[in-house]
Amino acid sequence: MSESIKLHYVVPGDDFTRAGAASGDVKRTLKQLGISPNAIRNVAIAMYEGEINMVIHAGGGEIDVEITEDKINMVLADQGPGIADVSLAMKEGYSTAPDNIRSLGFGAGMGLPNMKKYSDSFEIETELGVGTTLKLSVNIE
Amino acid sequence: MAKIFHSVRLDDEKCVGCTNCIKRCPTEAIRVRNKKAYIISDRCIDCGECIRVCPQHAKYAVMERLEETTKYKYNIALPAPALYGQFNNLENVDYVLTGLKRLGFDKVVEVSKAAEYISSATRMMMETDTLKKPVISTACPAVVRLIRIRFPNLIPNLLPLFAPVDFAARIAREEAIKETGLKDEEIGVFFISPCPAKRTALKNPLGYSKSGVDGAIAIKDIYPQLVQNMDKLKLEDVEVINDSGIIGVGWASSGGEAAGLLKERYLAADGIRNVINVLEELEDEKLNDLDFIELNCCTSGCVGGVLTVENPFVAKARIQRLRKFMPVSCNSIRNEYELEELSLTEEVTPSPALKLADNVVKAMRMMSELKKIEASLPGLDCGICGAPSCRALADDIVRGYAEETDCVLSKLQLGGNTDWLPAPFRSKVINEEVGEEKNDEG
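Residue numbers (our numbering), protein chains in the order written: chain A, 5 to 145; chain B, 438 to 879.
Keep in mind that the hints are not guaranteed to be accurate.
[What the hints assert, rightly or not] The calculated BS3-like cross-link candidates involving lysine-lysine, where the alpha carbons are at most 27 Å apart (straight line), are: (1) B:Lys460 to B:Lys472; (2) B:Lys799 to A:Lys10; (3) B:Lys808 to A:Lys139; (4) B:Lys510 to A:Lys10; (5) B:Lys569 to A:Lys121; (6) B:Lys669 to B:Lys544; (7) B:Lys792 to A:Lys75; (8) B:Lys723 to B:Lys510; (9) B:Lys570 to A:Lys120; (10) B:Lys792 to A:Lys10; (11) A:Lys121 to B:Lys460; (12) A:Lys139 to B:Lys657; (13) B:Lys723 to A:Lys95; (14) B:Lys544 to B:Lys761; (15) B:Lys809 to A:Lys75; (16) A:Lys10 to B:Lys809; (17) B:Lys723 to A:Lys120; (18) B:Lys669 to A:Lys75; (19) B:Lys723 to A:Lys75; (20) A:Lys75 to B:Lys808; (21) A:Lys120 to B:Lys569; (22) B:Lys809 to A:Lys139; (23) A:Lys121 to B:Lys723; (24) B:Lys510 to B:Lys620.
Quick caveat, the hints were computed from the structure, so don't treat them as lab data.
Small disclaimer: the values here were computed from a predicted structure and weren't measured.
Extracted from the complex, chain B is given alone in its bound form:
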């Protein structure tokens, strides 16, 4: 199997081997071994939840730096609409877009512009009967990867259209080649990204073979320089670049994509736990009365991306205000020929990352063993063994990655003195006085 590319990485030197990240990982992809966290590559969906929770900041996202642009003769920035929510008192997005040009980009094409084409294409497709409903948005790459691993049954429901950034890259490249006469490889296209999953999607795309985007620069990395350049701008310097409206910019936060369909039978969920709950219900066919499901791994949608600067709720509120003075939409597709341009070219395939074995009989034998081991474990999910739960440890044991003795408490079952164990596992009663005081109060 080809090596899976990831943008979320671990800094071994900073990691102290605490167990904060293992429990927050939605695909149980992290273990602690030898006092360091370890990411199981084929289970990681690059959602960035571990970056958020790591108290040591040992989890990080590998992103491109602005310096990468020196490799190309001509550079294009594709700002995510979430970028617009990062600035205080911003009333005109052209300040941001002109600011990006001052950072050295020759051209700026808004991802929200491409998003309006995708919204329009989705509206067109929803009118036909070619899609399996409820249709699931493919804009959040971490959601698509989550579905491949945990909900493969739902792959047929995925919207077979590009994510806006990929279509933005295509528009930008075609325009740039026409305007400059340069060759394709002389042009660098960079996404100004709120999250690491987007970069993973560019390097290792699902549903198409090669992305037109050369790199992704984190919003937080470009932010300080961008603000400086924006502050220096005089009103007359500000170029008119903005070419998207309420619908396109709305994609920055949860519910924006769904609202752009101008339909009522939709659901929008954000935050990885909520997304998983919705997918479970969808899989059990409990949501068949809906036409469209928008899912974003980050709270509040892309404004909540782990590489943004501003609190997602503040960013969302700012974008609401910005949208007030915008037209509804500036871009739409006209016919089925154009729809073809926006359509994914390859099928998304399921990932076998959680399967116990390729052979069902072997898998069943392993599952019987797993259930037996799980029943013998204490069920406390304490994480001391380095696995996120007792069930995950049992899973690791049958795969040969761990041993039953890794459980501190299974030793307990052998009997003996418990005084050496941490407080929650000791067979000692809390100080009686405290207990009495509590009783008095109660």
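Next comes chain A alone, as it looks inside the complex:
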């Protein structure tokens, strides 16, 4: 029998103060499970970047996390504007965040690159005007 834990989070749009709440909860859950520190860090960073992206670009979204015995799967879905050029968005330092967001210290163009860097598998589905769905997983070594 394989165990799995499913967690669901709603990320509100336009509220920076609440970004990080979901990744914080996942982090706490993983720590209690005794998952390796490295895997926890990867999940926390990738997911936090995803939350911030949802707030900056998509007016919020929803995150589903599934913890299994060998990996942590995350699905981050939003109904935002979609990404026009994915390969450009994946480039470090490229950002479409407006100036007011950058002045808060966000929008450094590291969101998607970091999500990819810290995950073991990374898929992106996006359609202009419809939204973006990211599927990430981090292996538990």
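Add chain B to chain A, keeping to what the hints say.
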């Protein structure tokens, strides 16, 4: 597992079983059972927050008394720099240091002196690439214990150097043996401490096997006698003992240790909640542009210790004034050989206190159950069940320490009359007149 030593204890007779302490504990280590608080030993970090909030004064710190010094032929006092902030109109710390000698100590070595060696050693280490940055200070023992329990990922960032008091003990002992010819065990070394966590660290050290400090006396306990002795001192009686400067004495308050590194890329946070927030961000690698992080569990740093006498802000202001007439620093290390003397000898290990089970599959099964129970609880975190939050109760239930029926409000879900419940949980509307008045005003 070896029994964990704690300096923070509960006086069962004074405890009335209120729930003030459970919510303030940063590691959720307290429960109320049978009308008494209960401290879960392996989660307690001896920070003393519960001592601060207990209205019955049922939480206390076990510290050494001055009488303990009679066990030794020769006694040394190691005053924390926070002690200097406790006195009105003090202009010369030698009054305090001479006052300690009048209390019966044969020798006084300032912890701020040792702190200057640690500052100097840290500066030397920061220049090399041997440390994982941002480096986290190890001076506050409650922070080190908090990291072991809640942030084990950050253990590699801990500064691998002794806390100043331990190095002060080493300097003092070596000098005393040389001066007197006495044996090591004939010499008693006592820290004059602002907090219980420091005493815990001496009895149960992390990063080294045995402390050279024999006991810790609370500043508040020694204060009345010390003031009396200081008042009796004439100017010509005052000995010249002070051998530390702005950097060493600065360790008394938050930011002092970091400032002693003479670098800009640092952060200093104080107060347990702020410390936790910084550690969360650090863990998510959001603070990677910093070189050094100084964290103190008490507000304003050690001057805010729960065993001090004076308001931390007043103490901090007084120390600022005292420092004005001091040299920048009186002590530093010269080479890597000396650095070795200040380095921790053992690794700090993570504590599994919050883990649900050793086996991941079992832990996952328990976590699924925990989430299910948590969802069924009302989410009010009222504390009536004796746990600090609904989540903590769910955690206790899956570990077998509590039952779902411990929640008063889960009974509510069974339906029925709510009149027997306390006001916040009753399905009754506030007096209509009051409501109307409010509306008129609004």
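- Message: Given the hinted pair Lys723 of chain B and Lys510 of chain B, is their Cα-Cα distance within 27 Å?
- Response: The given pair, whose Cα atoms are some 53 Å apart, is violated under the 27 Å limit.
- For the pair supplied as a hint, Lys723 of chain B and Lys95 of chain A, is the alpha-carbon distance within the 27 Å limit? holds, 20 Å
- Given hint Lys544 of chain B paired with Lys669 of chain B - CA-CA distance at most 27 Å: With Cα atoms ~19 Å apart, Lys669 of chain B and Lys544 of chain B stay inside 27 Å; holds.
- Given the proposed pairing of Lys723 of chain B with Lys120 of chain A, does the C-alpha separation stay at or below 27 Å? Given pair Lys723 of chain B, Lys120 of chain A holds - Cα atoms ~17 Å apart, limit 27 Å.
- Item | Hint consistency between Lys809 of chain B and Lys139 of chain A [alpha-carbon to alpha-carbon, up to 27 Å] | Holds. Lys809 of chain B to Lys139 of chain A sits at ~25 Å (cutoff 27 Å).
- Item | Lys120 of chain A paired with Lys569 of chain B [C-alpha distance capped at 27 Å] | holds, 24 Å
- Item | Lys808 of chain B paired with Lys139 of chain A [C-alpha distance capped at 27 Å] | holds, 23 Å
- Item | Pairwise hint evaluation, Lys472 of chain B against Lys460 of chain B, where the allowed Cα distance is 27 Å at most | holds, 16 Å
- Item | Lys121 of chain A paired with Lys460 of chain B [C-alpha distance capped at 27 Å] | violated, 38 Å
- Given the hinted pair Lys570 of chain B and Lys120 of chain A, is their alpha-carbon gap at most 27 Å? holds, 23 Å
- Query: Going straight from one Cα to the other, do Lys569 of chain B and Lys121 of chain A come out at no more than 27 Å?
  - Reply: holds, 20 Å
- Verify the proposed pairing of Lys809 of chain B with Lys75 of chain A, using a straight-line Cα cut of 27 Å. Between Lys809 of chain B and Lys75 of chain A the Cα gap is close to 21 Å, so the pair holds against 27 Å.
The structure does not agree with the numbered hints 4, 8, 11, 12, 18 stated previously, though it agrees with the rest.
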